[in-house]
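The hints should help you fit chain B onto chain A, whose structure is shown.
Chains as they are written, first to last, in the numbering used here: chain A, 143 to 257; chain B, 73 to 185.
Treat the hints with care, as some may be off.
Interface residues of chain B toward chain A, partial, derived using beta-carbon atoms under 7 Å [claimed, not checked]:
#1 119
#2 127
#3 145
#4 167
Taking lysine-lysine pairs in the DSBU-like style, the calculated list, with each CA pair at most 35 Å apart, reads [claimed, not checked]:
#5 203(A) / 91(B)
#6 81(B) / 200(A)
#7 213(A) / 81(B)
Source of the hints: derived by calculation from the structure; they are not laboratory data. Cβ coordinates follow ideal geometry from the N, Cα and C atoms, glycine included.
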Amino acid sequence: AQSVSQHNHHVILSEAASLELGCNYSYGGTVNLFWYVQYPGQHLQLLLKYFSGDPLVKGIKGFEAEFIKSKFSFNLRKPSVQWSDTAEYFCAVSRWMDSSYKLIFGSGTRLLVRP
Amino acid sequence: DTAVSQTPKYLVTQMGNDKSIKCEQNLGHDTMYWYKQDSKKFLKIMFSYNNKELIINETVPNRFSPKSPDKAHLNLHINSLELGDSAVYFCASSPRDRDYEQYFGPGTRLTVT
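Here chain B stands alone, though its shape is the one from the complex:
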């Protein structure tokens, strides 16, 4: 009965590679998010989608591209990975008209070597 799930949980890859992280929520929420948690544990929003439409797009390199095939999924594709991309990436979702109440996935720890 997982609410917000992410795959993979761990991802180790080399610089220059392209990788994707998948997120799915079974809560029936309309809005989904991607956050990045850096080595100092600081969490910052990257993107949010509402019903497959991009709502928030923070200052993130355009190597990062979110894709929402339907409102239950929000995937994050990263091109030409760099060392500085190493972080934990969290997916989250929120119900309609309650964007302030967000439910988080387990996170994906990305390590770029």
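This is chain A alone, in the form it adopts within the complex:
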């Protein structure tokens, strides 16, 4: 079935460690890719997005993601995490389906950063 997969459900890091969260999708054709973040008790916020062009996109708070078309991947990275990065991270794919765009989410990765 077509899907968005986030293989790491829980990640625990110490401050200053580097972060990479995996995201793979199984849709062919043109896709738009997103990472959303949900801080504890808060709503989903857009972290970064890829539509076209440079496959390395930079988002807010020092996050970046790389689109690798051949691997159907859009992994999220941050060189040095902070305690305030503790949150749930969702990868999403937007596709034109049934006469509208649909945003399909992965199951999320819960990141805990220890001070």
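Frame of chain A, contents of chain B only:
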């Protein structure tokens, strides 16, 4: 200056009751959505409205009925609540011709007992 707001934030009710969740956006967006996030944090779209017209209607029990009085509001009414309806419901909106760029509300945690 809240962009997408939902009320209530928490809703605890008994099986069989009817309840509504309200959503409002002040971004001037044309399209609004309802998503359900289950206990495993999986987010799935339920409905979308474009300028008060239903666009997406996923496989959702007909106990769920969205209502859009104007393009800034999309309310979700749920009849005969069941235990399995317990979840967090998120409202979202997107600008015209950029349906792929969605802005989410804070969510409503519904607990059915």
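Quick rundown of the hints versus the structure:
1. 119: Given a least distance of 11 Å, the restraint on residue 119(B) is violated.
2. 127: At 5 Å from the nearest chain A Cβ, residue 127(B) passes the 7 Å test, so the hint holds.
3. 145: violated (18 Å)
4. 167: Since chain A brings no Cβ nearer than about 12 Å to residue 167(B), farther than 7 Å, the hint is violated.
5. 203(A) / 91(B): violated (38 Å)
6. 81(B) / 200(A): holds (32 Å)
7. 213(A) / 81(B): violated (39 Å)
The earlier numbered hints that this structure contradicts are 1, 3, 4, 5 and 7.
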